[in-house]
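Sequences listed follow chains Z and W, in order. One gets this note's numbering by counting positions in the first sequence from 1 and adding 9 to each. One gets this note's numbering by counting positions in the second sequence from 1 and adding 52 to each.
Check each hint, because a few of them may be wrong.
Rough simulated footprint, nothing fancy, chain W against chain Z, three-plus residues with beta-carbon under 8 Å [stated by the list, open to error]:
no., region
1, 155-165
2, 243-257
3, 333-340
4, 348-361
5, 440-448
6, 464-476
In silico negatives: residues of chain W with every beta carbon more than 10 Å from chain Z [claimed, not checked]:
no., residue
7, S54
8, I96
9, R123
10, A151
To be clear, the hints were calculated from the coordinates, so they are not data collected in a lab. Since this is a predicted model, take the numbers as computed values, not measurements. Glycine included, C-beta positions come from ideal geometry on N, C-alpha and C.
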Amino acid sequence: MIGITSYGAYIPWHRLDRQLFAKAWGGFAIPGERAVASYDEDSVTLAVEAARDCLSDIDPNVVDGLLFATTTSPYKEKLCSTIMALALHLRRDIQTADITGSLRSGTSALVFALDAIRAKRANSMLVTASDTRMAAPSGITEQSLGDGAAALLLGNKNVIAEVIDTYSISDELAATWRCETDTFVRSWEDRMVMDESYAKVMPEAISGLMRKCGLSPKDFARVVFDPPGDIRRHGRVAAELGFEPSQLLDPTTIFMNVGLMGSAMSLTMLVNALEQAQPGEKVLLAGYGNGADAFALQVTDAIKKLGERRGFTKHLQSKCMMSNYNDYLRWREIVPLDQARRPDRGHISVAANWRQRKDLLGLWGIKCRRCKTPQYDNGGITTTPIRVCAVCGAVDDFDDYDFSRKKATVFSYTQDQLAPAADPPCSVVLIDFEDGGRMLFDLTDRNPDEVQVGMKVEMTFRKVYFDRGITNYYWKARPIRC
Amino acid sequence: MSGSIKDRVAIIGMGCTRFGELWRKGPSDLIVEAVNEALADAGIEVKDIEAAWAGSIFSGHGGRSVSEPLRLKYIPITHVVNACASGHDAVRNASYAVAAGIYNIVLAVGFEKLKDEGTSGLPGMDNLTHTHAVATMPGMFAMMATKYFHRYGLTPQDGKTMLAKISVKSHYNGSLNPKAHLRNLLTVERVLNAPIIAWPLGLFDCCGVSDGGAAAIITRADLAKKFRKDPIYIKALQICTSPTSGRITTEYDLTHVEEGYRAGQAAYAEAGIKNPRKEISMAEVHDCFSITEAVTMEDLQFSPRGRVKEDIDAGTFELTGALPVQPDGGLKCFGHPIGASGIRMLYELYLQLQGRAGKRQINNPKLGLAHNMGHEPLAPTVSVCIVGL
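Using the sequences provided together with the hints, build the complete structure.
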């Protein structure tokens, strides 16, 4: 049996009321709010969060491959899945690939992962889909997009939703696009896109799948497919296919609270469906974008044994409303801003970061074999790598120690108004990890007024520096999210 | 440790520039002005200098930084880089060379030209991988204030008021000092209402970022009286460097500076001081931030642990108090050109011991302590020098 063995999702903590777009620019506001990736988040960090949720109680060593689906990769040339593999503590002898450039890249990655398992090239594949698409300021699309990520682990053991079959359609139309130099999404007239593409391609893929599997609309307990820009068309397509509203995962909730999540949309909706799915149910999944991919899934008894995840639902509920639209412009670097009159921070050394890739991207520290003290160090003058134990003086006598999943307590903190920050003040915390070890970290996704000594925090993977096209990823602390 | 520097070397001349945002002065101005004052004070000429040690962390590159402006001819010069303790470390190394009998007359000079950057703060504070949390120096010391308030149950108002009194005192002293960077008087209310720099520290909890230079001429103790009747003798020179474990293990309490305590203990032992609170007449400590001065009073055993507030409230450290601290205004008001600061502290103690401190003159001081702290509380390097008649 081949199928989904675990799922995870991530919705950024920050949400922007769509009224604030209209307040800034005038004109019409779509009802509801949208999710906004923080200044230190991008498609890579969102995908890592979703994958950590997905792998929360699973040994990362079982994963034989990682696919990262996005249309908003920080790199045109360089893999992101290799960065993510280190953050997720995956093995080195795995397949890593970024599936980019298509709103369908999430479901495409799902197809490729299933094929790899069917072909016995892999026993377990991790698929992540993540997007932080941007539309030009003042347009309606800026309001309708939203940031987020989903992750699915696929395999042949402990399957919670078997993939019965898949069916794909290829269809050429420049419905939405970004050329190599475009920052913002462009699109053709949506009425034509609906009539000639979405409303034809989606039914074609779903009907084709049902025909291929010998299933009919009534066989599915849950029907999950992503909506077009005008979400009202979603229900119309479903009705034309013969689905009842009770079978549908209504995209309204996600649209009203998160927004259209690009390549992460269909898989995030699937995670939401699986959170409620019962053994024995059949689930239909389809993803649209220059064609469509459709999947028939059979939920198994194993879904009841899957450990608790934050998934879509808990991440959706845990939120912070942004107080203004300007922060959105600042965080997405849409407008040039005054720079703090602080000294230049200098250049990234690829060599130094590469040497430390395991401890910087994976937050690996050491545990002294003699005195058993866990230690992590970064930010000293010549402190890395740790060669001598800070407590007992043992030399090179350590085991690797994973700090990335340790919870910690704020030992002391400051709210630094002087340090340059996209979300001032710069909250910096000295934290004591459960089971030992202490380190200084930035604190993110926090309300400055609520930070105090003794506050419980967890680690989160973020982007921390950008220089000459290179993005430095590292870990920050955050108040335990939910 | 088998040896001691006590009474083996003496300072026979000192100089110090005005500190401040000296837009019209370059590094050579700072070095030449400080050294020329010191030479004149000692009654010697530049050709009498046999070797030199220079303390600077941003403005110097090697011994040539000092030979060039002074045109020192073919003598050995060493550049000492030891964070904010560089000035003291230049004096320490110069003193040891004299005590070893290698040279008779040497120069220690500290200088820093910070205000050529066009930005606030100190340059080059980022780590190599640009990943570490980006707290500023005020931020790093603010975390010590947060923890101190938390540990001793001070409300933010109580804690900030305690710290405000430190700054008010230093501004008063600085107002009496024509060479100080900041000479305005403050009130506790004004300190408390100042903008926050890094919570809980506000603008007036932070020292000045300044340009400046300071210099000392050092000779053997037995030769000192040939140069002047009132040389100042070095009683202790201790420096303590952190293994940087406070940041990575959970033992460190962040309400004291272990390196400051240890440097103080070692200096007291070297100088033969049993009761520092009674025996030390005055102190110039590294008050880069108000909380640093508060904690240092406890590290140096001037106040019991957790109880510096009582001494601050009682005015113990004011110019007229039992143990005046920062009689020249300290880093807070005299300013903080990094490499010069340690020698600037000694300059004030030297003037006070010789009765030349003008309006700031303390009544009949015998022993002065200077405390110079580098880096930040989680990984500092701290020096303590004691000088006396």
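Status of the hints after comparison with the structure:
no.: 1; hint: 155-165; in the structure: violated (count 0)
no.: 2; hint: 243-257; in the structure: violated (count 0)
no.: 3; hint: 333-340; in the structure: violated (count 0)
no.: 4; hint: 348-361; in the structure: holds (count 9)
no.: 5; hint: 440-448; in the structure: holds (count 5)
no.: 6; hint: 464-476; in the structure: holds (count 3)
no.: 7; hint: S54; in the structure: holds (24 Å)
no.: 8; hint: I96; in the structure: holds (38 Å)
no.: 9; hint: R123; in the structure: holds (32 Å)
no.: 10; hint: A151; in the structure: holds (30 Å)
The structure shown violates the earlier hints numbered 1, 2, 3.
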